[in-house]
Structure formats: C-alpha cells, structure tokens
Amino acid sequence: MSRRALLAALAAPLGLAGCGFRPLYGPPAAGETDTAPELAAIRLGRTYGRTGQILHQALERRLAARDRSGPAARYELALAPQLAIESQGYRRDGTPTRFRMVMTTTYTLSTLSIPARAVATGSARAIDSYNTIDNEYFASIVSSEEAQRRMAEQVAEDIVLRLTLALRGNPAA
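Numbered according to mature numbering (1 follows the signal peptide of the UniProt record, and there is no 0), the sequence shown spans residues -17 to -1, 1 to 156.
Since the hints were made in silico from the structure, they are not lab data.
Hints are supplied without guarantee of correctness; some may be wrong.
To be verified - Okay, the calculated beta carbon distance ranges per label pair:
| hint | residue 1 | residue 2 | range |
| --- | --- | --- | --- |
| 1 | Glu140 | Gly77 | 33 to 39 Å |
| 2 | Leu(-11) | Glu129 | 44 to 50 Å |
| 3 | Leu(-11) | Ile110 | 39 to 45 Å |
| 4 | Glu128 | Ala61 | 22 to 28 Å |
Glycine included, every Cβ here is placed at the ideal spot set by N, Cα and C.
Model the full structure from these sequences, guided by the hints.
Written out as structure tokens, the structure reads:
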C-alpha cells in the first residue's frame, strides 16, 4: 500500500467525525436518547386488511414490540397502508402478464401522554412487481403474496429507520 493511500485511509474517519457523522446504532452522544428502549416502547395501532397485517408483523419484528419484559408503551404508531396494483404487460388476447404493486404507508408516532403529541409523521413507499404464468393460478397468487411481503419488509425497515432518527434527536419525547 502506498503512503498516499495509507494517509487517505487514516484521514477519512477524521473527515467524517468533523462533519458530524455518527453511526446510527452506536452509543448516543450527549443530549441524545438511546433508541433501543424507545423503539421497544412503541405500541402498534390497528391495521386492517392483509397488507396491514403483513406490515404489522414486519414492524413487530423490528421494534421488539412482543418483548413483554421491555418498557411500558409510551408511544403509539398509527399506520395507514394502501396497496395499488396495475397491469404492465399484456398478451395478444389482452390478458395481463405482469403486475406492478405500490405500497404506500402513512404513519404517525404520537405519545400516549395526555395530551398526545406527534413525535414523527411521514410516509414510506415500496414498489415491486411479479409475473403471472399461464394456467398456473396458484403460482400467481404465491407471487402476489411474496411481492406484498417484500414490500412490507421494505416499508417497515424505512419506517423504523425514520423513527430511530426522530427518537434519537428528541430526548424529551
């Protein structure tokens, strides 16, 4: 390794520290909150439909909401998932061969205190698609369900990341 490359490798962490970069899951800085117990203190609101159920399960896994030994709930996460499906490819007879699915979920994290206060709001979106196969109805259903699961995982990951950032910078929430 050349001397110039070695110096660049040693200077990179200093440059990142100078710009305020901190690892998201590292120890919190002064005045910031450790987010693991905060995330475990989130109660998930009701969601409806199969899409909402899949998203709810994905969020439960990420938030450790089923861990009853954790802290009591201090927040509630309200979710409104919507799923849109559109045809993309067509056969000569006009039947679709490919579908595109878009899951858009708006969310609001609010405190359970009285009066409730919104801590974070936003929306997350994921796009996926799947093919349909001639005379294979079951395979098409499985493909559709798997696409929904993948989108729910992506949306849940995005929401948890945004909640982590909101809770990390909001120690008085």
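Q: Could you tell me which of the numbered hints above are not met by this structure, giving the numbers in increasing order?
A: Structure breaks no hint.
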